[in-house]
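Visitor: One-letter residues, chain by chain:
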Amino acid sequence: DSGVTQTPKHLITATGQRVTLRCSPRSGDLSVYWYQQSLDQGLQFLIQYYNGEERAKGNILERFSAQQFPDLHSELNLSSLELGDSALYFCASSVGQNYGYTFGSGTRLTVV
Amino acid sequence: AQTVTQSQPEMSVQEAETVTLSCTYDTSENNYYLFWYKQPPSRQMILVIRQEAYKQQNATENRFSVNFQKAAKSFSLKISDSQLGDTAMYFCAFIHSGYALNFGKGTSLLVTP
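Which chain is which? The protein sequence lines are W and A, in order.
First residue of the first sequence: 1, per the numbering used here; consecutive thereafter.
First residue of the second sequence: 113, per the numbering used here; consecutive thereafter.
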């Protein structure tokens with residue numbers, strides 16, 4: 001157990017739908033990062049939050065949004081889902097980026 | 113933009129042997145950090161080893177060590193006494209202040225009996 005908790009582990013949904021992925025960071029970590037891992041794109045950075053505020057944005061689609069709550073848990077919202085959004089979505093947290101990130105076990109999203 | 117290149121999509125090694133995975137990166141920064149992550153079939157991302165660019169000494173963690181060549185922008189991972197449990201995808205990653213961790217596309221390592 002890495003200390004970073006992601007739910008759900010698996011999600012199957014239809015095209016056009018909206019889903020919410022949840023992440024609880026490791027205790028004491030203020031930063032949360034979201035990554036998308038698909039077969040042909042590797043690990044792509046989506047977005048970072050630090051203590052409730054958006055800190056950095058990567059290749060995140062406009063259909064996707066995220067937020068970090070006062071208790072530091074974060075949610076990634078994916079809407080108008082397309083088949084190409086099927087991927088493994090990771091959440092990671094860190095106490096300081098120079099020490100590396102601790103990853104959750106990921107949410108496997110399948111869009112059918 | 114910083115890029116991380118892993119030129120070996122797949123590698124294979126026999127148990128107890130040594131294998132080296134290659135990684136090169138491109139940056140104009142002087143202070144940064146490099147990492148190797150392991151992703152076994154369980155899909156969990158596990159930090160293997162970390163190197164600070166301002167340190168000339170190569171990092172070592174048990175059977176895992178790196179060869180960090182800053183001028184050549186090279187950061188290879190050596191796995192000694194390979195074990196079946198080392199079978200995994202290995203990702204090289206780079207970070208510097210103000211940016212998120214940037215990953216290479218990975219090298220799939222198979223350890224055979």
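Source of the hints: derived by calculation from the structure; they are not laboratory data.
One or more of the hints may lead you astray.
[Stated by the list, open to error] Simulated pairs of lysine-lysine, DSSO-like, Cα-Cα distance not exceeding 30 Å:
1. W:57 to A:217
2. A:167 to A:185
3. W:57 to A:185
4. A:182 to W:57
5. W:9 to A:167
[Unchecked claim] Sample of chain W residues lacking proximity to chain A, with all beta carbon distances greater than 12 Å (derived):
6. 1
7. 43
8. 53
9. 64
10. 65
11. 79
12. 98
13. 111
Cβ coordinates follow ideal geometry from the N, Cα and C atoms, glycine included.
Visitor: In ascending order, which of the hints set out earlier in this document are inconsistent with the structure?
Guide: Of the numbered hints given earlier, those the structure breaks are 5, 6, 7 and 12, listed in rising order.
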